Amino acid sequence: MEAMSTSSEKPLASKPRDFGFLQKLYLKEILAGLVITIRHLVTNMWNNLRKQDAAWRTVEYPDVKKPMPERYKGAHRLTTRPDGKVKCVACMCCAQACPARCITIEAGEDDGDAIEKFPVEFQIDMLRCIYCGFCVEACPKDAIRMDTGIYEINAFTRQDMVHNKAYMVDLMSDLKPEAEDFYRENRQSGPAGFNPDEKQVI
Amino acid sequence: MELTWIDVIVTLLRCVFAVVFVMNIVPLLIWAERKGAAYIQDRPGPNRAHILGIRAAGLVHTLPDVVKLITKEDIIPDHVERRFWFIAPVIAMSIALMTFAVVPWGDQILLPAGLFGLEQAKAVNLMVADIDGGLLYVLAVGSVGVYGIMLAGWASNNKFSLLGGLRSSAQMVSYELSMGLAVVAMFLCYGSVQLDEIVIKQSGNILNWGVFQGGLVGLIAFVLFWTSVFAETNRTPFDLPEGEAELVAGYHVEYSSLRFALFFMAEYAHMVVGSAVTATLFFGGYNLPFITGAMIRQNVDLVLIVLGVLGAPAFFLFAAIAWGRRQRAFYKVLKADDIRHREPIFFTVVWGALGLGHLAIAGLGVAKVVSGFALGPEIVAFLIHTNVLVAKVLIGCWIMIWARWTLPRFRYDQLMNLGWKMMLPVAVANVMFAGVMVALRPYFPWNS
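If you're matching them up, the sequences are chains A and B in order. Quick note: the first sequence, position 168, residue 170 per the numbering used here, numbers continuous. Quick note: the second sequence, position 355, residue 420 per the numbering used here, numbers continuous.
Keep in mind the hints are simulated off the structure, nothing from the lab. Do not take every clue at face value.
Claimed, not checked - Only part of the chain A face toward chain B is listed, based on derived beta-carbon distances under 8 Å: (1) L24; (2) T39; (3) H42; (4) N46; (5) M47; (6) W58; (7) T60; (8) V61; (9) E62; (10) D65.
Stated by the list, open to error - Simulated pairs of lysine-lysine, DSS-like, Cα-Cα distance not exceeding 30 Å: (11) A:K68 x B:K397; (12) B:K187 x B:K486; (13) A:K75 x A:K89; (14) A:K167 x A:K75; (15) A:K143 x A:K119; (16) A:K75 x B:K400; (17) A:K167 x A:K89; (18) A:K167 x A:K68; (19) A:K30 x A:K89; (20) A:K30 x A:K75; (21) A:K30 x B:K486; (22) A:K67 x B:K133; (23) A:K26 x A:K89; (24) A:K119 x A:K67; (25) B:K400 x A:K67; (26) A:K143 x A:K167; (27) A:K26 x B:K486; (28) A:K119 x A:K89; (29) B:K486 x A:K68; (30) A:K75 x A:K26; (31) B:K224 x B:K133; (32) B:K187 x B:K266; (33) A:K87 x A:K75; (34) B:K397 x A:K67.
Claimed, not checked - Ranges between beta-carbon positions, derived for each pair: (35) A:R130 x B:I410: 46 to 56 Å; (36) B:A401 x A:V44: 29 to 39 Å; (37) A:Y74 x B:L284: 31 to 41 Å; (38) A:L51 x B:I74: 43 to 53 Å; (39) A:H42 x B:Q392: 48 to 58 Å.
Just so it is clear, the structure is predicted and the values come from calculations on it, not from any experiment. Each residue gets a CB set at the ideal place from its N, CA and C atoms; glycine is no exception.
Bound conformation, chain A alone:
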């Protein structure tokens, strides 16, 4: 309390501080500063020499990759049913929800399947996508997800930046069984009553 009252009594515009002779010479303070910086340098060099890992937090990016958080919105992928066909029913909900208008779906009809409507082509223009995740929210079939954690989305031509259906189905195919299980578990322990396998009542 005492300290607070004294500090509030101080005039706002104080007189310039009168530095002592030693401080005006700068030399002592410069030496003190030099000691601080050399301590950092020596510590870092010693750690670099002695330890297996350096002490700094820098991730050496192209060689070492930082694991992305589970809910990070990366490149889109299309999920599939057990028989290998995409879950998407070409309802156009995602295309409607998309604020960047980057989703193009060409719907088709499959007579041999109980679920007749399916996307013949499903394209996302990644140059226009703003990674808002509205398409994932809008999907009634859990057919599109942004859970790949892929953030290195790049190509040499604009055309290559348009991800098509085959690419998005294939994106995590090698990881698929584990990934599906992982996300099912997470989703069920997530927000109340949400189950991606159940039909959503809107």
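Starting from the known structure of chain A, fit chain B onto it as the hints suggest.
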């Protein structure tokens, strides 16, 4: 004296050596600047560029830098004053190199008679220009250095450049005074302005070094001179001419490509030359403490044995460390076919070879091959002296780099206050103090 072809060759060799001396340290300094800054700021620094997998702790990064600067577009703005604009970087660079001409990098070498068809033994001074002016030449040429920056600032026809040039000239004029006076105090102590004589006077006992001259005179002169060298080289905390925040980049805003590279290299060449002059004036130049050139020449075998015996374990230790670095986490993350796996092996081989080389040097000393060879002792003395000077120069440059990443920039009024109100009076007082000390010298037998 008649000019023989051997004089011409020796002079040419000395010129080339001086330029190579300065220019070879420059990329090393750029590396030290980057890596030192990184380590001081707790980050790894440059470590990506590599030649066949050898990254050399980021040393390779200077190479792509040079390629970038060479291949960049050389833009000549329409509004510049062309003639002066072209000549400014040339002045900045050539002045930096010229100053080194009077700095000796080794004591006199005696070419024995009979060698190279010499009729009589010939003494060669290891400095480019053996002129009587010596240190006065350093001061004179150093003050011409400001013309490069001033012309660049003026000829760029740009208000930021002009302000940078103005600041630089004001700063240099202010600090040249205390630099000159600091040197005057040293003139009084040494009784000579020739740098080679000054260095010879500093040989032997470490107390002969400039910083220990005349009681506190040498130390004060050194602090003044070193601060002025910072100001002359435009290094932090005196780098107001290129204040990024308020002047974009100061006098070299309008320069691109190799013209910018010239300014950039001139700064580092200035650092090298400033450190070399400081080492010569205050820290015994090429002299090792307590060991004179004559002692090295007389005991070449012993010198070689000591060098080899001390050097070999050090390099073998480096080799062991390099070999141990294969176990680092970084190399485990890399793919098995990554080219950078070669790096620890390469450095093990390099350090190991250097260690073996030092063993060979020790063996050479034992075998007394060099002392049997007429020029041998001279070559050993030359190499040791030059390397001692290089070590001193590198220490000086490192202090500059270290200070850059420690200190903030001065405000302009602080800069002027320090120059005119602190350093100049101290420098004048120091000159008078030096005069008194020199006058009292006969009464202090220990103060030669």
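Hint by hint, here is what the structure shows:
1. Checking L24 of chain A against chain B: minimum C-beta separation of about 12 Å lies over 8 Å; hint violated.
2. Checking T39 of chain A against chain B by beta carbon gives a least distance of about 4 Å; that is within 8 Å, so the hint holds.
3. With its C-beta approaching chain B no nearer than about 5 Å, H42 of chain A sits inside the 8 Å limit, and its interface hint holds.
4. For the restraint placing N46 of chain A at the interface with chain B, the shortest Cβ-Cβ distance is roughly 4 Å, inside the 8 Å limit, so the hint holds.
5. Using the Cβ-Cβ criterion of 8 Å, the hint placing M47 of chain A at the interface with chain B is satisfied: the shortest such distance is roughly 6 Å.
6. At its closest, the beta carbon of W58 of chain A sits 5 Å from a beta carbon of chain B; the interface hint therefore holds under the 8 Å criterion.
7. Residue-level restraint check for T60 of chain A holds (minimum Cβ-Cβ distance to chain B is 5 Å; threshold 8 Å).
8. Checking V61 of chain A against chain B: minimum C-beta separation of about 10 Å lies over 8 Å; hint violated.
9. Interface restraint check for E62 of chain A: the shortest CB-CB distance to chain B comes to about 7 Å, inside 8 Å, so the restraint holds.
10. About 6 Å separates the beta-carbon of D65 of chain A from the nearest beta-carbon of chain B, less than 8 Å, and the hint is met.
11. For the given pair, K68 of chain A sits about 16 Å from K397 of chain B by alpha-carbon distance, which is consistent with the 30 Å threshold.
12. This hinted pair does not check out: K187 of chain B and K486 of chain B have alpha carbons roughly 51 Å apart, beyond 30 Å.
13. The hinted pair formed by K75 of chain A and K89 of chain A meets the criterion: a straight-line CA distance of about 20 Å does not exceed 30 Å.
14. Annotation: proposed proximity of K167 of chain A to K75 of chain A holds, straight-line Cα distance about 18 Å (limit 30 Å).
15. Proposed proximity of K143 of chain A and K119 of chain A is supported: the alpha carbons are some 13 Å apart, at most 30 Å.
16. With a C-alpha separation of about 27 Å, the suggested pairing of K75 of chain A with K400 of chain B holds against the 30 Å cut-off.
17. Of the pairs offered as hints, the one joining K167 of chain A and K89 of chain A holds, with about 12 Å between alpha carbons and a cut-off of 30 Å not exceeded.
18. For the suggested pair K167 of chain A and K68 of chain A, the alpha carbons sit about 28 Å apart, so the restraint of at most 30 Å is met.
19. Using a Cα cut-off of 30 Å, the hinted pair K30 of chain A and K89 of chain A is violated, with the two alpha carbons roughly 72 Å apart.
20. A C-alpha spacing of about 52 Å is found between K30 of chain A and K75 of chain A, which places the hinted pair above 30 Å, so the restraint is violated.
21. Proximity of K30 of chain A to K486 of chain B is assessed by CA-CA distance (about 18 Å); at most 30 Å being required, the pair is judged to hold.
22. Under the criterion of a C-alpha separation no larger than 30 Å, the hint pairing K67 of chain A with K133 of chain B is consistent with the structure, at around 28 Å.
23. A hinted pair counts as satisfied when its Cα atoms are at most 30 Å apart, and K26 of chain A with K89 of chain A does not qualify at roughly 75 Å.
24. A C-alpha spacing of about 40 Å is found between K119 of chain A and K67 of chain A, which places the hinted pair above 30 Å, so the restraint is violated.
25. Our distance criterion of 30 Å between C-alpha atoms is met by K400 of chain B and K67 of chain A, whose separation comes to about 13 Å.
26. For a cut-off of 30 Å, the pair hint linking K143 of chain A to K167 of chain A stands: about 16 Å separates their Cα positions.
27. The hinted pair formed by K26 of chain A and K486 of chain B meets the criterion: a straight-line CA distance of about 11 Å does not exceed 30 Å.
28. Taking the CA atoms of K119 of chain A and K89 of chain A, the gap is about 10 Å. The hint holds against a cut of 30 Å.
29. Taking the CA atoms of K486 of chain B and K68 of chain A, the gap is about 54 Å. The hint is violated against a cut of 30 Å.
30. Restraint check: the Cα-Cα separation between K75 of chain A and K26 of chain A comes to about 55 Å, which exceeds 30 Å; the hinted pair is violated.
31. For the proposed pair K224 of chain B and K133 of chain B, the alpha carbon gap of about 28 Å is at most 30 Å, so the pair holds.
32. Between K187 of chain B and K266 of chain B, the direct Cα distance comes to roughly 23 Å. Compliance with the 30 Å bound is thereby established for this hinted pair.
33. Restraint check for K87 of chain A and K75 of chain A: satisfied, since their Cα atoms lie roughly 24 Å apart, inside the 30 Å limit.
34. The straight-line distance between the Cα atoms of K397 of chain B and K67 of chain A is roughly 13 Å, inside the 30 Å bound, and the hint therefore holds.
35. For R130 of chain A and I410 of chain B, the Cβ-Cβ distance of about 48 Å falls inside the hinted range of 46 to 56 Å, so the restraint holds.
36. Roughly 34 Å separates the CB atoms of A401 of chain B and V44 of chain A, a value that falls within the hinted 29 to 39 Å.
37. For the hinted restraint 31 to 41 Å between Y74 of chain A and L284 of chain B, the CB-CB distance of approximately 60 Å leaves it violated.
38. Between L51 of chain A and I74 of chain B the Cβ separation comes to about 45 Å, which falls inside the hinted range of 43 to 53 Å.
39. The given range of 48 to 58 Å is broken by H42 of chain A and Q392 of chain B, whose C-beta atoms sit roughly 25 Å from each other.
Comparing the model with each numbered hint stated earlier shows that hints 1, 8, 12, 19, 20, 23, 24, 29, 30, 37 and 39 do not hold.
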